[in-house]
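S.K.: Knowing the structure of chain A, use the given hints to seat chain B on it.
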Amino acid sequence: MTPPIDKGPAGGTPAGPAGHDAIPVAAGPVPIKAIPVRHYGRWISAVIVLAVVGLIGLAFSDAKVNWDVTFDYLDDDLILKGAWNTVKITVLSMLLGLALGTLAAVMRVSRNPVMQTVSWFYIWFFRGTPVYVQLVIWYNLALIFPNFNVGFYEEPMVTFMTPFLAALLGLGINQGAYMAEIIRAGIQSVDEGQTEASHALGMSRAKTMQRVVLPQAMRVIIPPTGNQFIDLLKTSSLVSAVQYSELFFNQGVRSQDSLATAELLFTASIWYLALTTVFSIGQYYLERHYAKGSQRSLPATPFQRVRQLVFSLRRSEVPRS
Amino acid sequence: MKSSQPMVLAESVHKSFGLVEVLKGIDLQVLPQEVFCLVGPSGSGKSTFLRCINHLEKINAGRLWVDGHLVGYRQKGDKLYELKDSEVALQRRDIGMVFQRFNLFPHMTAIGNVMEAPMQVRKESKAVAYERAKRLLDRVGLADKINAYPSQLSGGQQQRVAIARALAMEPKLMLFDEPTSALDPELVGEVLDVMRGLAEDGMTMIVVTHEMGFAREVGDALVFMDGGVVVESGHPRDVLTNPQHDRTKAFLSKVL
Numbered sequence: 067m068t069p070p071i072d073k074g075p076a077g078g079t080p081a082g083p084a085g086h087d088a089i090p091v092a093a094g095p096v097p098i099k100a101i102p103v104r105h106y107g108r109w110i111s112a113v114i115v116l117a118v119v120g121l122i123g124l125a126f127s128d129a130k131v132n133w134d135v136t137f138d139y140l141d142d143d144l145i146l147k148g149a150w151n152t153v154k155i156t157v158l159s160m161l162l163g164l165a166l167g168t169l170a171a172v173m174r175v176s177r178n179p180v181m182q183t184v185s186w187f188y189i190w191f192f193r194g195t196p197v198y199v200q201l202v203i204w205y206n207l208a209l210i211f212p213n214f215n216v217g218f219y220e221e222p223m224v225t226f227m228t229p230f231l232a233a234l235l236g237l238g239i240n241q242g243a244y245m246a247e248i249i250r251a252g253i254q255s256v257d258e259g260q261t262e263a264s265h266a267l268g269m270s271r272a273k274t275m276q277r278v279v280l281p282q283a284m285r286v287i288i289p290p291t292g293n294q295f296i297d298l299l300k301t302s303s304l305v306s307a308v309q310y311s312e313l314f315f316n317q318g319v320r321s322q323d324s325l326a327t328a329e330l331l332f333t334a335s336i337w338y339l340a341l342t343t344v345f346s347i348g349q350y351y352l353e354r355h356y357a358k359g360s361q362r363s364l365p366a367t368p369f370q371r372v373r374q375l376v377f378s379l380r381r382s383e384v385p386r387s
Numbered sequence: 103m104k105s106s107q108p109m110v111l112a113e114s115v116h117k118s119f120g121l122v123e124v125l126k127g128i129d130l131q132v133l134p135q136e137v138f139c140l141v142g143p144s145g146s147g148k149s150t151f152l153r154c155i156n157h158l159e160k161i162n163a164g165r166l167w168v169d170g171h172l173v174g175y176r177q178k179g180d181k182l183y184e185l186k187d188s189e190v191a192l193q194r195r196d197i198g199m200v201f202q203r204f205n206l207f208p209h210m211t212a213i214g215n216v217m218e219a220p221m222q223v224r225k226e227s228k229a230v231a232y233e234r235a236k237r238l239l240d241r242v243g244l245a246d247k248i249n250a251y252p253s254q255l256s257g258g259q260q261q262r263v264a265i266a267r268a269l270a271m272e273p274k275l276m277l278f279d280e281p282t283s284a285l286d287p288e289l290v291g292e293v294l295d296v297m298r299g300l301a302e303d304g305m306t307m308i309v310v311t312h313e314m315g316f317a318r319e320v321g322d323a324l325v326f327m328d329g330g331v332v333v334e335s336g337h338p339r340d341v342l343t344n345p346q347h348d349r350t351k352a353f354l355s356k357v358l
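Protein chains in written order, with my numbering: chain A, 67 to 387; chain B, 103 to 358.
Quick caveat, the hints were computed from the structure, so don't treat them as lab data.
Incorrect hints may have been included.
What the hints assert, rightly or not - Capping the alpha-carbon separation at 20 Å, the derived lysine-lysine pairs in PhoX-like fashion look like this:
{"#": "1", "chain 1": "B", "residue 1": "K186", "chain 2": "A", "residue 2": "K273"}
{"#": "2", "chain 1": "B", "residue 1": "K225", "chain 2": "A", "residue 2": "K273"}
{"#": "3", "chain 1": "B", "residue 1": "K356", "chain 2": "A", "residue 2": "K273"}
{"#": "4", "chain 1": "B", "residue 1": "K160", "chain 2": "B", "residue 2": "K186"}
As the list claims (entries may be wrong) - Okay, the calculated bits of chain A under chain B, using three or more residues with CB under 8 Å as the criterion:
{"#": "5", "region": "261-267"}
{"#": "6", "region": "277-288"}
Each residue gets a CB set at the ideal place from its N, CA and C atoms; glycine is no exception.
Isolated chain B, as found in the complex:
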């Protein structure tokens, strides 16, 4: 029973860095339990858009909702009020993010990384946080590495810890920013397997990726971005096998 309210709704989202306009009006919606793939050449704005969703970047124009809540602002009448840092933090609790470069906390063990946010943000007891962290690390196949420091893990293992860390906050939406781009080719599969499992469990996921195989196989929707606009969107099978626009065709011919 999917609710009718989209998990993410973007209306004419604009974002500039100084004079450079990176997003030139993005309209899209992501439904609950959907695996939504963002593809496109580097510099097309797909990562920036992803970072706008949890307010790591502030948008300059347009509107962006997550689960019915405006991201970063509160609307009263026709006026927008900026949210306080603590309110932004509250919104981010429900949105997990996985980074291209993992960004694990190097001074904490794998399980320490996973326990940190539940204990610090949700004030969970150590025992409760430990049990969940152990379960999550087991789920990503790292039950035997819970006491390893990130520097003692391979890239693929680090990224799987990072996924467990994001899941520990029990998010309703997961953002993946090129999660396999920094990995050796042989390690890509183990991370994609974990993501596939998440998708099967019904997690809503937005995935910026260059893994077209993953997009075709697991994705429910796909958007091709270029130059800060959405060029083409649809079901991954359709877009990837039968692209309509020349830009999409040219891009896919290089990456497929």
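Excised from the complex, chain A in its bound form:
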């Protein structure tokens, strides 16, 4: 019963209702030409930021850092070896952490009270004590257990617990406790109806977890996991405390040789930044992969975006010519 909305004149005869300041209706809708809102805040903040950057630059221009030395050491053998070991210990610890974390999370949400309790204590202990302390305890395990003995294999703990093993156990087991909480949150974020639908089809609890719940939980799990990974990459510098020759440890060795302490700290920082940047890019693509099905179309990759931009620029030039 509402009158049909006047969609403008049909056939090109202006028929604006009387009394209106009729905007002349041309062939099509008139594009709006309005004065944009002025963003004074942006200009002021830009000036402040430039000033601060300038001051920092000024300070560093007079700083006692020999940048040539910093860059010279970037491809130093020992530094390269350290960077590689940092990547190695980070990736391996993360894998151990992921395995332990998934196990602990599944145990935590299981209906078995024994499993729930074990998982709770694991998370409670390893999240409740500093990773640095844990690393040193692993390294000094020989003080508590002089011999590593599992029945079929025996070795003095001092030789068994290498810096690498201490670093792996210390970082990995600690990481597992954090991952358990992240994965548990992911599992619990999946709609109850998914489990019910899977059970109604006759799928077992294990299959339901593996095929239905975990793949969907991934979307919630991956962003904080990427965060944990980046964090772990930097935390791995702590394993210099157990004599594992990763980036920070080797940087210290070179620093003592050359006495270029500040320069080498910057060398290490550049490497850490480069590594975290590379892994952040990897995280982006991983998140994109697991967004499958949750969005109607996947967001474009940066590469695709650049291509689209170039393409649209080229296209917009055409009608103007």
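M.R.: Relative to the frame of chain A, chain B by itself:
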């Protein structure tokens, strides 16, 4: 030739959530190849009863049989033994369920949804599962959508995929929990059409629904539930056109 054994037999089924008793003694039977409609106001326990049939909810008292097998328990002498998870899963294979909110697996395509249970539960080969899934999706009118993800489908299309998914396990009984309640009115028809086709093919179906037209047209039996009990039952035509109880009359006057 209908066998004399009922597909579903309920004797004094009780179910409580904490202190709230939702089912207060349900007795009914569903015959093979019957389309059995459960109607009633929300909170009357009809969905809960449906979920008891495939043991998504455990009953607190009474007995419930599907195709002659006790649901969720094994009886030896006068003792009841709880079934293991794997045994419950085995019982559920033969009972398809369609949910109000579809509950499709969003990370799988339409055909992936339909192939999942046959491949994971019955260990069917991919080729066999694919062929059947394609046939089923064709049957529900979605032959051109097999590679679409649920988020790319309308509600009606999603529900039809969900029906195909349930049918892929070749169930002998299908449970429908308000299958059209979450749909836009214009999409209800396409889902009811698929269900009508199933009924014509002789599928035993228990349908919780507010679609009285569907119940009257397709249903063989109808039960009106309220407050956790069966108030009235009979042939849908009789109950819907000539209700005997005041509660039924009051309810029908609002929904018809």
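S.K.: Hints broken by the structure, by number, lowest first?
M.R.: 3
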